[in-house]
Amino acid sequence: MTINNPNFVLMVEGLTVSFDGFKAVNDLSFYVEPNECRVIIGPNGAGKTTVLDLICGRTKATAGSVNFKGQELLKMREDQIVHAGVGRKFQTPSVYEDLSVFENLEISYPKGHNVFGALTFRRDQQVKDRIAEIAETIFLQDLLEEKAAYLSHGQKQWLEIGMLLIQDPELLMLDEPVAGMSVAERKKTAALLNRIIADRSVIVIEHDMGFVADIATRVTVLHQGKTLSEGSMERVQNDPKVIEVYLGH
Amino acid sequence: MSIASHRLFSRNDLIGFAVLAAIIFIVLPLALDTFRLNLFGKYLTYAFVALGLVLCWGAGGILSLGQGVFFGLGGYCMAMFLKLEASSPENTAIQSTPGIPDFMDWNQLSALPWWWEPFHSLTFSIVAVVVVPVFFAFIIGVAMFRRRVGGVYFAIITQAIAAIMTILIIGQQGYTGGVNGITDLRTLKGWDIRTDSAKEILYFVNGILLFACLLAAQYIRKSKLGRILIAMRDQEDRVRFSGYDVADFKIFVFCVGAAFAAIGGAMFTLQVGFMSPSFVGIVPSIEMVIYCAVGGRLSILGAVYGALLVNWAKTTFSESFPELWLFGLGALFIAVVMAFPNGLAGVYAEHVAPRIARLLRRGGVDLPATPDKTPAE
Amino acid sequence: MFSDYSMSELGAIFAMQGFAGLILFSVFVLMALGLAIIFGQMGVINMAHGEFMILGAYVTYITSNVFSDYLPALFSIYFFVAMVLAFIASGLLGMAVEWAMIRHLYKRPLDTLLATWGLSLILQQVYRSVFGAREVGVTIPDWIMGSLPVTDMIEVPINGIFVMVLAVGISAAIYILMYRSSWGKQVRAINQNRVMAGAVGINTEWTDRLTFGIGCGVAGVAGSAFTMIGSTGPTAGQLYIVDTFLVVVFGGAGSLLGTIASAFSISQAQSIMEFFLSGSMAKVLTLLTVVGILMLRPQGLFALKLRK
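Residue numbers (UniProt numbering), protein chains in the order written: chain E, 1 to 249; chain V, 1 to 377; chain X, 1 to 308.
If you are wondering where the hints come from, they were derived from the structure by calculation, not from laboratory data.
Accuracy of the hints is not assured; some may be wrong.
Computed spacing ranges between beta-carbons, pair by pair [said to hold, decoys possible]:
(1) V/Ile356 x E/Arg122: 50 to 58 Å
(2) V/Glu323 x X/Asn191: 56 to 64 Å
(3) X/Ile77 x V/Arg36: 55 to 63 Å
Example chain E residues on the side facing chain V (calculated, C-beta under 8 Å, incomplete) [to be verified]:
(4) Leu74
(5) Val82
(6) Arg88
(7) Gln91
(8) Ser94
(9) Ile107
(10) Leu119
(11) Phe121
(12) Glu136
(13) Thr137
(14) Phe139
(15) Glu170
(16) Ala184
(17) Arg186
Straight-line C-alpha distance at most 27 Å; calculated DSSO-like pairs for lysine-lysine [as the list claims (entries may be wrong)]:
(18) V/Lys222 x E/Lys147
(19) E/Lys23 x E/Lys226
(20) X/Lys283 x E/Lys147
For each residue, glycine too, the CB sits at the ideal point set by N, CA and C.
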């Protein structure tokens, strides 16, 4: 495997982070192909969210490398990583409660991201059209003027997904996108995700196995910060090591 | 804020600005004698600081307890120019070294320090009034916000900076005038700023500058940058992972706040005729926060009313019941935090505005022909 | 600046200033410990902490007057009574303040800062109305005054040693309370997860009130100690609040050891520089250094790297 293999969008190699001696992620390597939907599963505390934090720059790695299309992400600032094409959704919905749905989406619109640009940003027709288009995708077209604080939990999750979509990232990272949703919302979200993962690479953390089987190209099982098993859903499910970790205690 | 109409001023904003303009430019000058008008002019210089705090603290969530530093730096830059003009060799002939400010002479300095020299130029001084404090704010901002220092830590460190600044000014009295500050300022390019007519003109200059700053603040609030500030206050990480360098925005708004404060400081020096460390330190800096809080930390017009009201109360009380004033001020801090977190603007929006709207509506519906008959039922 | 002194003189200067610094260190530690508990464990910025200290100082002043008027025979030990009373008075006031004000403001640290600043103004005015604007001095029992000669050039004041012993004793007591008692475990549990702590049966309200009270009480004891090295006035507390906050932040909030270490380094730096520079420049340099280091290491000297 050469370092700049064009077949991979993301190459994570030897990734390690230690919090006062505790290695939350320990010498982890994995590779994501274009248009792949990689699902990371694992018991609580396995380091799933920390892996996403490391890739998007929220947590600084102790060692290793994260290569995204030839760029070393570990040396970049969060906003630079975003502009390189990596989008991240948090576990709990984080939207700007004091702003309207429209304004929430507008802030993620990929223009005017420096101080001067933000001061001179104009809300032109192009912006409005794009926001309307995204709002329709995330089922919020009738709520554009609503304050985000008044949305339901599921709607907030959708709004945050919409905020990522408007950036049109090449790699989308979603942390438990269906957690806390009703069955109906879950179905809608699955459909939404299936539509938006079509033309980009996605890393998803999820516990809902039915959902995972539905969307995953490949699955990585994390355990104590290391890869326990990797492969298709079927292979992973039949891996005795995985069964041991999930059912053994 | 609707999608279609995204103008700089909503109708309510326009009315608010117009009312304030009427108060500052018409009502106060007509109602007050020159002495009192000058006093209100002094109060209004604090409104600049409060306005900067609305942007930093109210919108951006950055509470600076060191705004007095910027107010003071602006004021000192102005005072240095005026002091040099007042210290002409003729005026200071009795000193052992004529031509340098009196306090330098008292402190056995025999030459003007090099960094005082450029303040012979009015242009330089006016530029310095804004540039020096903004540069200082920029350094602090870069050092702190790049390292993600925020919230309480930022407040404490800015407070420490205010303390350092005061100690430094007082300690270096040969260069700064020490605890008395720079006093006995007389003329600006030969124009005597102590006369009544000068005070009136300066009051209006001050008012115009304040409105210029209010407009700038309004523009920032209504731009996307204003919304990013609010977004940052609520979900800083989300903004960061939407591709913004959060630190840049904080540095920007902190520098704007410093610039406003500095302009206020310079106008203070001009109107009051001196500048001293007692406007720089911890106590004045935190009092400036209360002007903003009383007006309403989210309201730029509120900042002006807050500064006027608190300072007016301070003058009134400390003239007649000096011991009551500290009780009052202390109670104000507590009340504004516990009972009226949005200050006067919040009280207005919650209690006064709906009533006015109801009255207007009733007037419009019931008595369409005679709107001047106020329905006071 | 060193060239004007001989080596032995320099040694003596460093020893004397170092000792003077130890007294400053003791006051810092006593002030900062209370603040570190309140800020580090509860996340509350108590700007009135200096006024709680001054309350302790005034209690000491009153106690000394009472003893000299009514119990002159016991005057030599009044100080110990005064310290206990100071702890109780400041602690009770602290609990009252927690009940009336602070408990409504958890999770809003900047608001606690403003509200307690208001409280500090009110307390200052109360002191001014009750005790007058002039500073009062406390009569110290003879045995605490005086000094022990160590060499011809170095002698150490007994009151300094006394204050230091006090600081060490109280630090140890607080350490035991916070890290070795079940109560300390409760306080730390609340700090980490208030809702969960409540759910497992910890009386969070009462624990908060007591924590705040103890923090303020320790400030009261600091005030007692303060009377031996400075005179007490209504605004004396305000002079220390920023320094103390810097001590706490510099040490890394939540770390008692860090607080002590940072109090030590700040007080020593200031005291030794004071001899060579003017007092104000020494203070400026010390504060600047601390602020500079904090900009490089905002989490303070002793802070854990935590998983976010």
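Quick rundown of the hints versus the structure:
Range check, V/Ile356 to E/Arg122: about 34 Å between beta-carbon atoms, so the 50 to 58 Å window is missed. Range check, V/Glu323 to X/Asn191: about 39 Å between beta-carbon atoms, so the 56 to 64 Å window is missed. A beta carbon spacing of about 60 Å between X/Ile77 and V/Arg36 agrees with the range 55 to 63 Å that was offered as a hint. For E/Leu74, the shortest C-beta to C-beta distance to chain V is roughly 16 Å, which exceeds 8 Å, and the interface hint is violated.
Checking E/Val82 against chain V by beta carbon gives a least distance of about 4 Å; that is within 8 Å, so the hint holds. Given the 8 Å rule on beta carbons, the hint for E/Arg88 holds: about 5 Å separates it from the nearest Cβ of chain V. With a least beta-carbon distance of about 12 Å to chain V, the hint placing E/Gln91 at the interface is violated under the 8 Å criterion. About 4 Å separates the beta-carbon of E/Ser94 from the nearest beta-carbon of chain V, less than 8 Å, and the hint is met.
Interface restraint check: E/Ile107 against chain V, minimum CB-CB distance 6 Å, threshold 8 Å, status holds. For the restraint placing E/Leu119 at the interface with chain V, the shortest Cβ-Cβ distance is roughly 5 Å, inside the 8 Å limit, so the hint holds. Evaluation of the E/Phe121 hint against chain V yields a held restraint, the C-beta minimum of about 4 Å falling below 8 Å. Look at E/Glu136: its Cβ only gets to about 15 Å from chain V, farther than 8 Å, so that hint breaks.
Below 8 Å, beta-carbon pairs count as interface contacts, and E/Thr137 has none with chain V, the closest being about 17 Å; its hint is therefore violated. Interface hint at E/Phe139: violated, since its Cβ lies 18 Å from the closest Cβ of chain V, which is beyond the 8 Å cut-off. Look at E/Glu170: its Cβ only gets to about 13 Å from chain V, farther than 8 Å, so that hint breaks. With a least beta-carbon distance of about 26 Å to chain V, the hint placing E/Ala184 at the interface is violated under the 8 Å criterion.
Among the interface hints, the one on E/Arg186 is violated; its C-beta lies about 23 Å from the nearest C-beta in chain V, farther than the 8 Å criterion. Proposed proximity of V/Lys222 and E/Lys147 is supported: the alpha carbons are some 17 Å apart, at most 27 Å. Under the criterion of a C-alpha separation no larger than 27 Å, the hint pairing E/Lys23 with E/Lys226 is consistent with the structure, at around 10 Å. For the given pair, X/Lys283 sits about 50 Å from E/Lys147 by alpha-carbon distance, which is inconsistent with the 27 Å threshold.
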